[in-house]
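> Sequence:
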Amino acid sequence: MIPIVFHPAYEAELPEGHRFPMRKYGRLAELLRARGLVPDGFVTPEPADAALLSGAHDPVYVAAVLAAQVPRVIERAIGLPVTEAVAARACASAGGTLRAARLALSHGLAGSTAGGSHHARRAGGAGFCVFNDVAVAALALRREGAITRALIVDLDVHQGDGTADCLAREPDLFTLSIHCERNYPHDKVPGDLDIGLPDGLDDAEYCAVLEARLPALVQNFAPDLIFYNAGVDPHRDDRLGRLCLTDAGLLARDRYVVGLAQSQRIPLCAVIGGGYGNDVDALAARHALVFEAMAAA
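Read the sequence shown against my numbering and you will find it ends at 470, with the numbers running on by one and no gaps.
Just so you know, these hints were derived from the structure itself, not from any lab.
Restraint ranges, calculated between C-beta atoms of paired labels, are given here: (1) 190 / 377: 33 to 43 Å; (2) 377 / 189: 37 to 47 Å; (3) 217 / 317: 17 to 27 Å; (4) 190 / 389: 42 to 52 Å; (5) 252 / 212: 31 to 41 Å; (6) 186 / 385: 37 to 47 Å; (7) 322 / 227: 21 to 31 Å.
Don't be surprised by glycine CBs; every beta carbon is placed ideally from N, CA and C.
Given only the sequences and the hints, what does the whole structure look like? Please build it.
What follows is the structure, encoded as structure tokens:
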């Protein structure tokens, strides 16, 4: 079975009635256990510390988060109260993605049951994202010489503006974002390759775009590692999405990305990205699809 990373801090307490579906992280872990995908248990990561986080973020911002003293204007942009629990969650998520990436380098495939916080920019968070876990992990691995080149394949329904911002001066850390063009964020940060989709694309139309663009990029860029943001908010029932994928379409997408990495013998680290709505069980089941795709591979 593939290594899967989970930390209890992935699920932080929020005020009653908050619109962010925080419960999905714990529910996803329960679902993966029930489906037999972690027979030996989850891998528990070490939360990221200030030095690690400052490799991708402004140290002043990092210090403010760790002290739970984020300026109100940034807290509003994040959309979460930056309490001690939320700060701990962000540190655990960044550490979890780094641990999963290291496991992918040694095992070929690995994933974290959190991560994909791609709206967090260098100077501050936004869009339910406090720290940019993928940028933190990619920069750390490159600094220590574990990788030279990484490809970020971001298939969340929203453009990966924060990852583009954090990695803007890193040509060897390539960002691909395939997203709904008319969705959040409105002030997009150009990445290395941005593919904006029209509203309402269905399974077949979405997969056609992916199959037309991804193979040549993977072959030509030849990364040492792929970070895959498998956001499930392109689903037709997602509260914050504008595309029309089904569960079957998400699974086909995940199988395609994982299969392509496997065919090129490139390690792949998956993170779960976005997924929104009131039905936490349905969200967790969609997030489980990428782990099922990796297990099948």
